Amino acid sequence: MATLFFVALIVLVLIPGKKEVRTNLPLLVALILIELFYLYQFIRRKRRKETSRTPSDIVTVVWTVFMIWELCTTIFNIAHPILVPTPEGVFHVFATSYGELLLNVAYSMEILFIGFFSGLIAGVILGVTVGWVPRLRNFCFPVASVLAPIPPVVFSPYLVSILPTFRSASVVVIVLGVFWPTFLNMIIRVNSIDPRIMDSARALNVKDSTMVWKVILPYVFPSVISGLRVSMTTSLLMLNFAEMIGATHGMGYYIQNNNVFANYTNLIAGIFVEGIVVTSLIALISWVQRKAVKWH
Amino acid sequence: MGTIDIQHLSYCYKDRNQEFLALDDLNLSIQDGEFVCIVGHSGCGKSTLLRILAGLALPTEGEVYIDNEPVRGPGTDRTVVFQHDSLFPWLTAKGNVEFGIRQARKSISKKQAGELAAAYLRKVEMGHAMDQYPYQLSGGMQQRVAIARTLAMDSEILLLDEPFGAIDIKIRRDLQLLLESLWRSGQRKKTVVFVTHDIDEAIFLADRIIFMRPGRIQADFHVTYERPRNYDELLKSEPCEQMKNELLELFYLDSELNEVEDV
Numbered sequence: 001m002a003t004l005f006f007v008a009l010i011v012l013v014l015i016p017g018k019k020e021v022r023t024n025l026p027l028l029v030a031l032i033l034i035e036l037f038y039l040y041q042f043i044r045r046k047r048r049k050e051t052s053r054t055p056s057d058i059v060t061v062v063w064t065v066f067m068i069w070e071l072c073t074t075i076f077n078i079a080h081p082i083l084v085p086t087p088e089g090v091f092h093v094f095a096t097s098y099g100e101l102l103l104n105v106a107y108s109m110e111i112l113f114i115g116f117f118s119g120l121i122a123g124v125i126l127g128v129t130v131g132w133v134p135r136l137r138n139f140c141f142p143v144a145s146v147l148a149p150i151p152p153v154v155f156s157p158y159l160v161s162i163l164p165t166f167r168s169a170s171v172v173v174i175v176l177g178v179f180w181p182t183f184l185n186m187i188i189r190v191n192s193i194d195p196r197i198m199d200s201a202r203a204l205n206v207k208d209s210t211m212v213w214k215v216i217l218p219y220v221f222p223s224v225i226s227g228l229r230v231s232m233t234t235s236l237l238m239l240n241f242a243e244m245i246g247a248t249h250g251m252g253y254y255i256q257n258n259n260v261f262a263n264y265t266n267l268i269a270g271i272f273v274e275g276i277v278v279t280s281l282i283a284l285i286s287w288v289q290r291k292a293v294k295w296h
Numbered sequence: 001m002g003t004i005d006i007q008h009l010s011y012c013y014k015d016r017n018q019e020f021l022a023l024d025d026l027n028l029s030i031q032d033g034e035f036v037c038i039v040g041h042s043g044c045g046k047s048t049l050l051r052i053l054a055g056l057a058l059p060t061e062g063e064v065y066i067d068n069e070p071v072r073g074p075g076t077d078r079t080v081v082f083q084h085d086s087l088f089p090w091l092t093a094k095g096n097v098e099f100g101i102r103q104a105r106k107s108i109s110k111k112q113a114g115e116l117a118a119a120y121l122r123k124v125e126m127g128h129a130m131d132q133y134p135y136q137l138s139g140g141m142q143q144r145v146a147i148a149r150t151l152a153m154d155s156e157i158l159l160l161d162e163p164f165g166a167i168d169i170k171i172r173r174d175l176q177l178l179l180e181s182l183w184r185s186g187q188r189k190k191t192v193v194f195v196t197h198d199i200d201e202a203i204f205l206a207d208r209i210i211f212m213r214p215g216r217i218q219a220d221f222h223v224t225y226e227r228p229r230n231y232d233e234l235l236k237s238e239p240c241e242q243m244k245n246e247l248l249e250l251f252y253l254d255s256e257l258n259e260v261e262d263v
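From first to last, the protein sequence lines stand for chains A and B.
Residues in the first sequence are numbered consecutively from 1, following the working numbering.
Residues in the second sequence are numbered consecutively from 1, following the working numbering.
Since the hints were derived computationally from the structure, they do not count as laboratory data.
All figures in this text were calculated on a predicted structure; none of them were measured in a lab.
Some hints here could point you the wrong way.
Stated by the list, open to error - What follows is a set of in silico ranges between Cβ atoms, one per label pair, in the way DEER data are often shown:
| no. | chain 1 | residue 1 | chain 2 | residue 2 | range |
| --- | --- | --- | --- | --- | --- |
| 1 | A | V230 | B | S42 | 53 to 61 angstroms |
| 2 | B | D131 | A | D57 | 37 to 45 angstroms |
| 3 | B | D32 | A | P218 | 30 to 38 angstroms |
| 4 | A | E50 | B | S109 | 55 to 63 angstroms |
| 5 | B | Y135 | A | D208 | 24 to 32 angstroms |
| 6 | B | Y135 | A | P81 | 56 to 64 angstroms |
| 7 | B | K189 | A | D208 | 32 to 40 angstroms |
| 8 | B | S109 | A | S161 | 37 to 45 angstroms |
| 9 | B | S109 | A | V146 | 27 to 35 angstroms |
| 10 | B | D174 | A | N138 | 47 to 55 angstroms |
Unchecked claim - Short derived list, chain A residues pointing at chain B, Cβ under 8 angstroms:
| no. | residue |
| --- | --- |
| 11 | L147 |
| 12 | I197 |
| 13 | D199 |
| 14 | R202 |
| 15 | V206 |
| 16 | P218 |
| 17 | S286 |
| 18 | Q289 |
| 19 | K291 |
| 20 | A292 |
| 21 | K294 |
| 22 | W295 |
Claimed, not checked - The list that follows gives simulated cross-link-like pairs (lysine to aspartate or glutamate, DMTMM-like), each with its CA atoms no further than 20 angstroms apart:
| no. | chain 1 | residue 1 | chain 2 | residue 2 |
| --- | --- | --- | --- | --- |
| 23 | A | K294 | B | D131 |
| 24 | B | K106 | A | E110 |
| 25 | B | K244 | B | E233 |
| 26 | A | K214 | B | D131 |
| 27 | A | K294 | B | E125 |
| 28 | B | K170 | B | E125 |
| 29 | A | K214 | B | D85 |
| 30 | A | K207 | B | E63 |
| 31 | B | K189 | B | D67 |
| 32 | A | K291 | B | D131 |
| 33 | B | K189 | B | D32 |
Note that beta-carbon positions come from the ideal geometry of N, C-alpha and C, so glycine has one too.
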């Protein structure tokens, strides 16, 4: 069924439509790659004797969307000629200006990773410390509960004014966005540590640094990892938002800039890239989670 | 050495607006190498007593001496097995035992600790599951690992708080036999304080049974049957029946008392 749709789609792409397209080669390559990936998943599942129809269902939907897109643009030319670019055009952008796209992705990723990891590390270290010392906790928790819900984006205009570069402002916004939830989550987590685990640890005469490194950190680790997914999404959101307002590089800038010049073909290509990047990051986190937390 | 001396011990749980006296001027001496079972109703303070012996709670009044030293907190001269979840969920069975060994003897090398851990896990018949995480083990298997850890730490005193209370009867019997034989065959007999509400279990295991009624000690029995003991024969024998009846009477007497107090 899915493969039938694939063949139909290829035929649609190959027959010349009402609208002239420069080249359909990049689109064909992309479609074949998707189909190959699907076939790989299909065969792998079959070998494991899983009878899941999910990959076929997903790919069928994808092919349907592509067919509608192709029919509305290239074949019958009924959609708005500028606002709705052809799939051939969009995939042609990948083939020709991948350098520019990758550069913008790399630029965004740099800011994201610096901000994300500093926020995360600071959140975990300070959160565990504050959660562990009752006096600090009693003082910090109410203060943090007031500060944390302020959306970090509201600081951005001010941060742009006081910090030397736009980049450093973006980093700080991301740090804030990741830090607060992690910090609060760690305080709560350390505070609500299972008393039976604490009893065992204390009965084993575990103290101070061993307690932190060998008991508290392993205990909070799974919740740090599962929190990553949410914080990663939040950071991306804030980063793109910031880039759309004032950056001169980055994924958000690329999309916004092409919007300004009404270059919707590149804009759609940018959105595709964004989707691929987000999916890869989330997949990476899931992979780390599976590898690192074996005891759940 | 592993003598325990409890003098005028009181413990009071304090809530925001009420106080509850869990232990009230309790005195008890336990000799080195003695296997003592503490029985009583739930809420009679037996678990509180064990927590104080472990150093997890400090007495409100009175003092506990171990080898004539007052207890000020947990120490590696005592090891504890709880009813549930004594193991760290993020370590494998072997990892848990190793962790205990390295806590007890900081100077031991990682390799030696690993070998020792493996040896003790085999002693409790867990050699096949060394690399499994606690969530992959049944309750009985988890308790075996906890016992292996306790024995591997080689402390003077073992404290067990209803270790087999949540385990089904057949496996519980196996674990009781295992614990008794490991205790008996040790190079030096360790002092054991074993909290339970299972009278059969107490009679099978103990040298001495302490019956507690809320806050204090009601009765002190010496169990002098020869070891190794045979579970079925022992529990059917005449003198044993008598002791069991006495203990049961205490249990019932106590529940009547409770009811009177409740009214």
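Structure-based check of all given hints:
1. Range check, A/V230 to B/S42: about 42 angstroms between beta-carbon atoms, so the 53 to 61 angstroms window is missed.
2. The given range of 37 to 45 angstroms is respected by B/D131 and A/D57, whose C-beta atoms sit roughly 38 angstroms from each other.
3. Remark: the range hint 30 to 38 angstroms for B/D32 to A/P218 is upheld by a beta-carbon distance near 37 angstroms.
4. At about 46 angstroms, the CB distance of A/E50 to B/S109 disagrees with the hint of 55 to 63 angstroms.
5. One distance hint, 24 to 32 angstroms for the beta-carbon pair B/Y135 and A/D208, holds here, with the actual separation near 28 angstroms.
6. The hinted range of 56 to 64 angstroms is satisfied by B/Y135 and A/P81, whose Cβ atoms lie roughly 59 angstroms apart.
7. Between B/K189 and A/D208 the beta carbons are some 34 angstroms apart, a value that agrees with the proposed interval 32 to 40 angstroms.
8. Taking 37 to 45 angstroms as the suggested C-beta distance range, the pair B/S109 and A/S161 does not conform, at roughly 58 angstroms.
9. Take B/S109 and A/V146: their Cβ atoms lie about 51 angstroms apart, and the range 27 to 35 angstroms is violated.
10. For the pair B/D174 and A/N138, the beta carbons lie near 48 angstroms from each other, so the given range of 47 to 55 angstroms is met.
11. Among the interface hints, the one on A/L147 is violated; its C-beta lies about 30 angstroms from the nearest C-beta in chain B, farther than the 8 angstroms criterion.
12. A hinted interface residue such as A/I197 counts as satisfied when its beta carbon comes closer than 8 angstroms to some beta carbon of chain B; here the least separation is about 7 angstroms, so the hint holds.
13. With 8 angstroms as the threshold, the beta carbon of A/D199 comes within range of chain B, its nearest partner Cβ sitting at about 6 angstroms, so the hint holds.
14. Hint status for A/R202 relative to chain B: holds, with the closest Cβ pair at about 5 angstroms, below 8 angstroms.
15. A distance limit of 8 angstroms between C-beta atoms decides the matter here; for A/V206 the minimum to chain B is near 6 angstroms, and the interface restraint holds.
16. With a least beta-carbon distance of about 4 angstroms to chain B, the hint placing A/P218 at the interface is held under the 8 angstroms criterion.
17. The criterion of a C-beta within 8 angstroms of any C-beta in chain B is not met by A/S286, whose closest approach is roughly 19 angstroms, and the hint is violated.
18. Checking A/Q289 against chain B: minimum C-beta separation of about 14 angstroms lies over 8 angstroms; hint violated.
19. Look at A/K291: its Cβ only gets to about 14 angstroms from chain B, farther than 8 angstroms, so that hint breaks.
20. The criterion of a C-beta within 8 angstroms of any C-beta in chain B is not met by A/A292, whose closest approach is roughly 10 angstroms, and the hint is violated.
21. The interface hint given for A/K294 holds, since its Cβ lies 7 angstroms from the closest Cβ of chain B, which is under the 8 angstroms cut-off.
22. Contact between A/W295 and chain B, as hinted, is supported at the beta carbon level, the nearest pair being about 4 angstroms apart and thus within 8 angstroms.
23. As the CA atoms of A/K294 and B/D131 are separated by approximately 11 angstroms, the hinted pair is consistent with the 20 angstroms bound.
24. With a C-alpha separation of about 43 angstroms, the suggested pairing of B/K106 with A/E110 is violated against the 20 angstroms cut-off.
25. Straight-line distance between C-alpha atoms of B/K244 and B/E233 comes to about 14 angstroms, which keeps the hinted pair within the 20 angstroms bound.
26. Under the criterion of a C-alpha separation no larger than 20 angstroms, the hint pairing A/K214 with B/D131 is consistent with the structure, at around 18 angstroms.
27. This hinted pair does not check out: A/K294 and B/E125 have alpha carbons roughly 24 angstroms apart, beyond 20 angstroms.
28. With a CA separation close to 16 angstroms, the supplied pair B/K170 and B/E125 stays within the 20 angstroms bound.
29. This hinted pair checks out: A/K214 and B/D85 have alpha carbons roughly 17 angstroms apart, not beyond 20 angstroms.
30. At most 20 angstroms may separate the alpha-carbon atoms for a hinted pair to count; A/K207 and B/E63 exceed this at roughly 23 angstroms.
31. Pair hint B/K189 plus B/D67 holds up; C-alpha atoms about 15 angstroms apart against a cutoff of 20 angstroms.
32. About 16 angstroms separates the Cα atoms of A/K291 and B/D131, which keeps this hinted pair within 20 angstroms; it holds.
33. For the hint linking B/K189 to B/D32, the alpha-carbon distance of about 8 angstroms falls within 20 angstroms, and the restraint holds.
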